[in-house]
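I would like the entire structure built from these sequences, with the hints used as guidance.
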Amino acid sequence: MGSVSPRPCVLIAVQASAPPIPIQLSGWRRVWREYRALTRDPIYFIALLLAILFIAIAILYPLLATLAAAISPAGAQTLADVLRRPVYHRIILNTLVMGLTVATLGTAIGFLFAYVQVRLAAPAWIKRAIHIAALVPVVSPPFAVAIAIIVLFGRSGFITSGLLGLRTDIYGLPGLTLAMTLSFFTVAYLNLAALMRGLDPALDEAATNLGANKWQTFRTVTLPLLIPGLAGSFLLLFVEAIADLSNPLVLGGNYTVLATRLYLAIIGEYDITAGAVLSVILLVPSIVLYFVQLRLVTRASVVTVTGRPTGRPQVVTDRRVVVPLVALALTMVGLIALIYLTILVGAFTISLGANNAFTLRNFEFVLLGYGAKAMFDTTGMSILATLCAGFLSMVIAFLVVRGRFSGRNLLDLGMMMGIAVPGTIYGIGYLLAFNSPTEIFGLAILPKLTGGAAVFGGALAIIMVYVIRSAPAGLRAGVAALQQIDPAIEEASISIGADQATTFRRVTLPLIRPALLTAMIYAFARAMTTVSAILFLTTPQTRVMTQQILNETEAGRFGNAFAYVAVLIAIVLLAIGALYALIGPRDGKGAAPAGRPLTAAPESSLAP
Amino acid sequence: MPRSLLVQITLASFIVSACALPAAPPTPAPPPASAPSASTPEPAEPKAPAAKPEKLTVLCTPQEDWCQAMTKAFQEQFGIQTSYIRLSSGEALAKLRATKDNPEFSVWWGGPVDTYVAASTEDLLEPYVSPNAAEIPSEYKDPNGLWTGVYVGALGFCSNREALSKLGVEKPDSWEDLLDPKLKGQVAMAHPASSGTAYTAVWTQVTRLGSVDAAFDYLKKLHQNILQYTKSGSAPGQMAGRGEVAVSVIFSHDCVKFADEGMNMLEVSFPAEGTGYEIGGVALIKGAPEPEAAKMWIDWVLTASAQEIGPTVKSYQLPTNPNAKVSERSVKLSEIKLVNYDFQEAGKNRKAITKRFEDEITTAPQ
Chain A
0 MGSVSPRPCV LIAVQASAPP IPIQLSGWRR VWREYRALTR DPIYFIALLL AILFIAIAIL
60 YPLLATLAAA ISPAGAQTLA DVLRRPVYHR IILNTLVMGL TVATLGTAIG FLFAYVQVRL
120 AAPAWIKRAI HIAALVPVVS PPFAVAIAII VLFGRSGFIT SGLLGLRTDI YGLPGLTLAM
180 TLSFFTVAYL NLAALMRGLD PALDEAATNL GANKWQTFRT VTLPLLIPGL AGSFLLLFVE
240 AIADLSNPLV LGGNYTVLAT RLYLAIIGEY DITAGAVLSV ILLVPSIVLY FVQLRLVTRA
300 SVVTVTGRPT GRPQVVTDRR VVVPLVALAL TMVGLIALIY LTILVGAFTI SLGANNAFTL
360 RNFEFVLLGY GAKAMFDTTG MSILATLCAG FLSMVIAFLV VRGRFSGRNL LDLGMMMGIA
420 VPGTIYGIGY LLAFNSPTEI FGLAILPKLT GGAAVFGGAL AIIMVYVIRS APAGLRAGVA
480 ALQQIDPAIE EASISIGADQ ATTFRRVTLP LIRPALLTAM IYAFARAMTT VSAILFLTTP
540 QTRVMTQQIL NETEAGRFGN AFAYVAVLIA IVLLAIGALY ALIGPRDGKG AAPAGRPLTA
600 APESSLAP
Chain B
0 MPRSLLVQIT LASFIVSACA LPAAPPTPAP PPASAPSAST PEPAEPKAPA AKPEKLTVLC
60 TPQEDWCQAM TKAFQEQFGI QTSYIRLSSG EALAKLRATK DNPEFSVWWG GPVDTYVAAS
120 TEDLLEPYVS PNAAEIPSEY KDPNGLWTGV YVGALGFCSN REALSKLGVE KPDSWEDLLD
180 PKLKGQVAMA HPASSGTAYT AVWTQVTRLG SVDAAFDYLK KLHQNILQYT KSGSAPGQMA
240 GRGEVAVSVI FSHDCVKFAD EGMNMLEVSF PAEGTGYEIG GVALIKGAPE PEAAKMWIDW
300 VLTASAQEIG PTVKSYQLPT NPNAKVSERS VKLSEIKLVN YDFQEAGKNR KAITKRFEDE
360 ITTAPQ
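Those protein sequence lines, which keep their order, are chains A and B. According to numbering that gives the first Met the number 0, the first sequence is numbered sequentially starting from 0. According to numbering that gives the first Met the number 0, the second sequence is numbered sequentially starting from 0.
Calculated directly from the structure, the hints in this document are not laboratory data. Here the structure is a predicted model, which means the values were calculated and not measured. Note that CB positions come from ideal geometry on N, CA and C, so glycine has one too. Honestly, I wouldn't trust all of these hints.
[Unchecked claim] Listed next, the in silico EDC-like pairs over lysine to aspartate or glutamate satisfying Cα-Cα at most 16 Å (straight line):
1. B/350 to A/317
2. A/213 to A/363
3. B/336 to B/291
4. B/170 to B/266
5. B/183 to A/168
6. B/354 to A/317
7. B/324 to B/307
8. B/219 to B/266
9. B/51 to B/307
10. B/99 to B/75
11. B/181 to A/317
12. B/99 to A/168
13. B/336 to B/172
14. B/354 to A/80
15. B/54 to B/291
[As the list claims (entries may be wrong)] Pulled from the structure, derived: some chain A residues nowhere near chain B, Cβ distances all over 12 Å:
16. 45
17. 60
18. 73
19. 107
20. 334
21. 368
22. 550
Here it is, written out as structure tokens:
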């Protein structure tokens, strides 16, 4: 195969390669000197220290606490139990099957959307519709889709029973696959679209000049170049799917997966050890897949471009390709539109499906009644988390890209752990780590953050979880943006006398503003829609909307649940508008391109 | 420890000044340092001498809207800021267990008393004999005041008329009717680990069939027809109301509630062999942060007027106070057959039974 032979391409590892370059052990003295040099710029040094401290406390400590509980004697007993009993084998198998199905289908749909968006000749309105449809799931909580699916496709669903007269059974794997694929495919779409845009059209042209037809070009040039993106998307979808609690609780039927079992162990029995064991089992496939993905990506020795691609990408105009693909994509768009329409209608209905009378009672409940506190609490905590995540991700991106000290890639990796690990693990980890004041050598550094009598009713822990779950995407956007800025600009600033902090503030920050916008939009949306990581952390003093939605859904009060979802989406859209107005790009350009495949940095075109 | 307190305060001032956190309570709760580990059940806590209590946090197990109506009425009547969290029985027990060194709640209201018995065997409840308990018949209260009954309800079948007729199945009036192969995937009940309703259903089988083993044989057969074990006890009724399943096993008052709220396909029936029933309880939580307000709550919920609030939000449980007016939508216990339900036994075996259910039933092949 000629296509694998060396091509005259320049590598840009950042776009798609494996993360960390471990510390070179060539000389501890060198490292020592580097760090001593750091201390000369105190603000710089403090930023580094803060970043390290945050990663250690908010990410690594709870992770280690979970691991420790899982390998404690009691945990080992449970683990042995899990490995021995066929019941658990079934649950694990269910989980894997579900994860693989959702990851495959979600990546496929993401690919379809991205391909239609970037590579097909289609009318602009279609592309716009596809883009919007793909981004809606980012701003809505996961179970929004699940309940709409019950109403539409359930036993007495509008479509299946009402329109088609079918007796279907969506509970279990089919429903889960549908709901999760539609909730999670956005990540794949954004990654692949960014990657496709970044491909150098010269490659396709070269293939065409050498006599390849479109299909051959696609198969031997385009597809191999997209492997890292596909692998990364697959991995992220897999992790999201197996860690998701809300969909299995609503739609699982008796298809038990690890996440639901884990939820019951904690909620029903408060058996944190069992929870820790199950969550560590959840972690294993994620880690294995992560390394498989890493290998795939490095072996494909990914390739993109020197800076910006030159020329326009080749666009497919062949109707035999365009028509079916666009039709397929539009069908998906229609399905998504139908689902969100259902949510909107359901919010104004007494009990959609059982009693379709119009009512405002649901909104009264959410806006004025019991739900109001949850709404304000969640929004407030999300705003704080957004500020922290935006700041933190830019500072760490700066340290990672511009820093000249060994081990800075570990900062990157540490931060990425926040998203690469299933959210439930943090939920349990925080319970284990912060249920009593945190002490180091007898010195209390943190008060009790979770459970009864926690500071701020547990709000601090929830904000921390929001930050660790949302900062990684911002970090990627920041890294990608910084890498495109010539350090010479900053050096110039320093050479005329500014210190590192001033340079960052006056020179770098304005340049990476689009990335900051992306980071903050994503952080806010992510915080508002986080479920599995915070379910175990809420207290009577702190109410979280996503948990309220889950309660309403679980209790079958779909009207209230729909109203909550509608309000939540409205808040997120408003916030995006506000962020756009505050720090939006002044020159009309979009945000920085999404970074490495292991991320979900939505573009700033998220804004309405 | 003073140091952690110091940190707490520094942190508090930092965050409050930085961003005026909306969730932050005015005072970050009593410092954990004062939490007694093995104190005696004295009224204790002389820190607020004779002052009127200011707030109360209720652990509430019945339907959300009833919790709201009750806390609102209490707050208006006594001027005590009252908030609640609704948790299913099993969740409530788990939460109490998890936070027993630092309880978040002061009083637990509603939910079958089996779970209260289970909680008291784990020393999570504080005895309190309310002066108003004298009005409550003795079969509806614990002699030691560990719990007092606030309502009574009977388990029933809540079916969707239309779904049944589509399947060609008659309205069930026997536990055996639920095993009809035509009902495969058409029955829903909650999970006994999280739901008190479902636990009542499971213990009813134990009582009715005479042994735990026989009960599990029945549940194993029933499992073949179950679509989903939900977390919350009344959720199966909602599923039936929407036609997702034909039959659900829930408390009959919840079925009437859903029908009244617009799910007009629902109807209640009772098993001829006898059905289980619940006494909904109220209890003071051990180490309650607001013991005085909690006692006021208990005194109040035993009164006839407080027990008449339920029907205003379509919660038709029977009141335990004989002076309370009974809604005509409530079940008439004299017209149905009840099993001889032993709440003490049920409560003591709760842990073992829910564990066995999880191990043997939920994951069994269908």
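* Asked: For which of the previously enumerated hints does the structure constitute a violation, in increasing order of number?
  -> 1, 2, 3, 6, 8, 9, 10, 11, 12, 21, 22
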